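Participant: So you can see what is in the structure, the chains are spelled out below.
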Amino acid sequence: MNRFQLPVEHTKLPNGLQVVVAPDANAPVVTVGVYYKIGFRLEPQGRSGFAHLFEHMMFQGSANAPKMQHIKLINSSGGTLNGSTHYDVTNYYEAVPSNALERVLWLEADRMRALKVDDENLRNQRDVVKEEVRVNVLNQPYGGFPWLDLPPVAFRNWANAHNFYGDFTDLDAASLADVQSFFKTYYVPNNAVLLILGDVKPEEGFALAKRHFADIPAGPAPKFADPAEPEQKEERRGDVLEKFGTLPAMAIGYTMPKRRTAEWHAMALLDQALHGGRAGRIHRDLVLEKQIAVEADGGIDDLFGYNGPTQMVTRILHKPEYSSAATLAAFDEVIREVQQKGIGSHELDQLKVKWRSDYYATLEGGAMPKYGLMHLLACFTLFDGEPQLVNSILEGFLAVTPQEIQSGAQKYLRNENRAIVFRKPEAAAPAGKQEAA
Amino acid sequence: MASRAAEVAVGVPALTPERSVTWPKRTKSRLTNGLEIVLVESHSIPKFHGELFFRSGNAAVAHRAPALADLTATVLRTGTAKRTSRQIEEDLRSLGADLGTSAGADTSAISFAGLSESAEPLLGLVNELAREASFPESEFERERRQKLEEVKLQRTQPGFLAGERLRKVLFGAHPYADVAPTPKQVAAYQRDDLLTIYRDFYTPENGLLLLVGDFDSAAMLAKIEKVFGAWSGKKPAAPQPAAPANPRGRGVYLVHLPGSVQTQILAGSHAITRKHPDWVKLGLTNSLYGGAFNSRLVMNIREDKGYTYSPRSGVSPLRQHGYFSVSAAVRNDVVAASLTEIFYEMDRLRSLPVPEAELADAQNYLSGVFSMGVATQDGLLSQLSTVALNELPDDYLETYRTKVRALTPDDLLQTARKYLDSPNLQIVVVGDRAQIESQAALFGDLEVFDAQGNKLSA
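Here the protein sequences come in this chain order: A and B.
The opening position of the first sequence corresponds to residue 36 in the working numbering, with each subsequent residue numbered one higher.
The opening position of the second sequence corresponds to residue 486 in the working numbering, with each subsequent residue numbered one higher.
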């Protein structure tokens, strides 16, 4: 089979900043990303939500680009920008017409060199973040379900178990001193990677990177807390009240192997067998065939980008006339089947074709060109030191055997390796009374 | 209004000369059965994306019940004369394909993406769904039951409730007024309704097939003729409902959602369709107002005042009538303050010419973002479908930037006065009545509803 390959070049500046260029002259558009190796998992204790609040502060002004200028300069160059905080990385990115490349690099370098923010900026963004939490979590049916509900039940290490969006008391306690100290500790060039993708020649990208970033001093290598979990010996369960929604819900999470192991490849394909849309076993069984659930979906979140304990999570909203116990029993039956019978080689072949096709789509990106390629290159550089993995990682998934899938199911999909959260509607409607004719 | 003087950046590198944007060549064709075809090559990844559109949607059957075309599209994928629901899903997976079926107000669509190496079998499956769907009774019953839970769940979502109410207020007796069925209407859905819609809407004369991706256009056209050539069917008569009355004066509509810890604001007014000659002007005016991160409204109520996370404005171009709207989810105690700023920024654009520098920034933004579509298969597909479905001129993509850059401060002033219709803006607020009613009532005559749509006494 003809493998699709992308040109990727990689260098490291003397200050430790890694630079990756992936040229593609098809369209006059360039995507720039800066990834820092710090996410909400390892934010300081007593400061839940701080990594994300800090991400907002990175748009509030740097030495030569005061508040509002960063956004204005990108938009007025014809581009879009954003940032996002993940478990183990935080990213900042822009997609612009390629004639704005140097301007974008100047802006990213300016804020990597010196953040310049004040108390008013912090108060302002604290308010904005609280409205973000309200619109996404506190004022939405099933808000934060299950990504905020499951970790405190599943994990014992604070790093993995805390509220990643932040308790409001912790957000209120965050000070300007915290902002500067977080910046100094983690936002050093030797803890980051710069990515330039699209309409740029590698030598031009490297020269521009050197011109704008080379004089940013390296800092001490950040010390990271150990996110390891003590061994889990029992199934864990918890309950969360659902304030708005009408349907009972549950989420089941199984802790996954370390990334880039043979088991990881197998679990990724098993995840597709279970959660791959309408053909996935869980949706097919619970929604289409048994018709217990209204929604049943899930997966391993950010497969390539996690660097600590992570789960494969199934999220189920079920009809009120079925009890939680009956719903869980139906789910367990799906799991038991893959443990006892594995999956056939025909099904595995289908999964591999779909996997390859999805991988190409990830590389291309959607509304933001090359977003997926950027994310993969960044994670492969920061965690593995090997951006070229983007061209070879697929092989590991395509080599998975039915036996590996069955052993993975037996080893990882055990009750003693899982946590379950039940999200129960506050105003429980009378079950099954107002049935459609 | 920003409370601080705007500071400027120092030492910003200039933009280098612009590389021209080349939109790829379109291959247009029409099969003898009437099916319109648009093909565009884009070799970024070894895949292709497609949409098979039909120019009829929920609005055309609104007299029967809301969202019926949408349920038709949902059940469409659950069986054909040759394949069961499960076979369809597994065949898609074995082709490495994704497929979605849906209907909006004006169109029904089968959307798909797959590997170039399997283009022909995927087109074959799309063809089968468009021509030989069997609407199995059991699948219909399941999807109807699903829909019932969905419509109950929707009524707990502030964003849905706001949108639903605004459409009712703006469109009255017009089919665009009803975006979702009631549980009772869902219970009354009949499989026969779906069969009728399928027979009438899903015909080659009513269809448009768009494909973008890694293929050779001539070879692809031959495949398409082979797969879709034998299909036949007439274009359905399109109902022409009377134009909705344009509400005069400000009205305020509060949807009471007890226990809300935030208020969803959504305000809007009648505007224009995509084909209207003012479309580009309104696009630019909107981008200055609240359509971009750097827009006046976002800078004001987010970056200056911190009232909200995600304020935005936009123009929704339905086929017969477009509307302009502005939204923000805000803290309960700043509902009146947020509305005041929403009107302030609108009135400022209606009263004072935009400074040349700000205009130039917005022009660069809009033309840059427009051209971003050229970089991905999906982006191209979206731009091409806009052109084809709205019957815009062939050179629309090529001339858009020039049109944007030709606009003047006076054009924008006139456009804002026409379409950012602040004196007649209809305001919807969704939240806890006890916390927001007195604030909302300051802005016009107030009507109050519960989440089920029942009117409550004021």
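Don't read these hints as lab results, they were simulated from the structure.
Be aware that a few hints might be false.
[Unchecked claim] The calculated BS3-like cross-link candidates involving lysine-lysine, where the alpha carbons are at most 25 Å apart (straight line), are:
1) B:Lys669 - B:Lys653
2) B:Lys510 - B:Lys708
3) A:Lys325 - B:Lys567
4) B:Lys790 - A:Lys151
5) A:Lys325 - B:Lys513
6) B:Lys940 - A:Lys278
7) B:Lys637 - A:Lys278
8) B:Lys940 - B:Lys669
9) A:Lys219 - A:Lys151
If you're wondering where the values come from, they're calculated on a predicted model, not measured in any experiment.
Participant: All the hints need checking, so say for each whether the structure fits it.
Facilitator: Against the structure, the hints:
1. B:Lys669 - B:Lys653: holds (18 Å)
2. B:Lys510 - B:Lys708: holds (19 Å)
3. A:Lys325 - B:Lys567: Given that 25 Å is the threshold and the Cα spacing comes to 23 Å, the pair holds.
4. B:Lys790 - A:Lys151: holds (19 Å)
5. A:Lys325 - B:Lys513: violated (46 Å)
6. B:Lys940 - A:Lys278: Within the cut-off at roughly 23 Å; holds.
7. B:Lys637 - A:Lys278: Given pair Lys637 (chain B), Lys278 (chain A) holds - Cα atoms ~14 Å apart, limit 25 Å.
8. B:Lys940 - B:Lys669: The given pair, whose Cα atoms are some 18 Å apart, holds under the 25 Å limit.
9. A:Lys219 - A:Lys151: holds (12 Å)
When the structure is compared with the earlier hints, a violation turns up for hint 5 alone.
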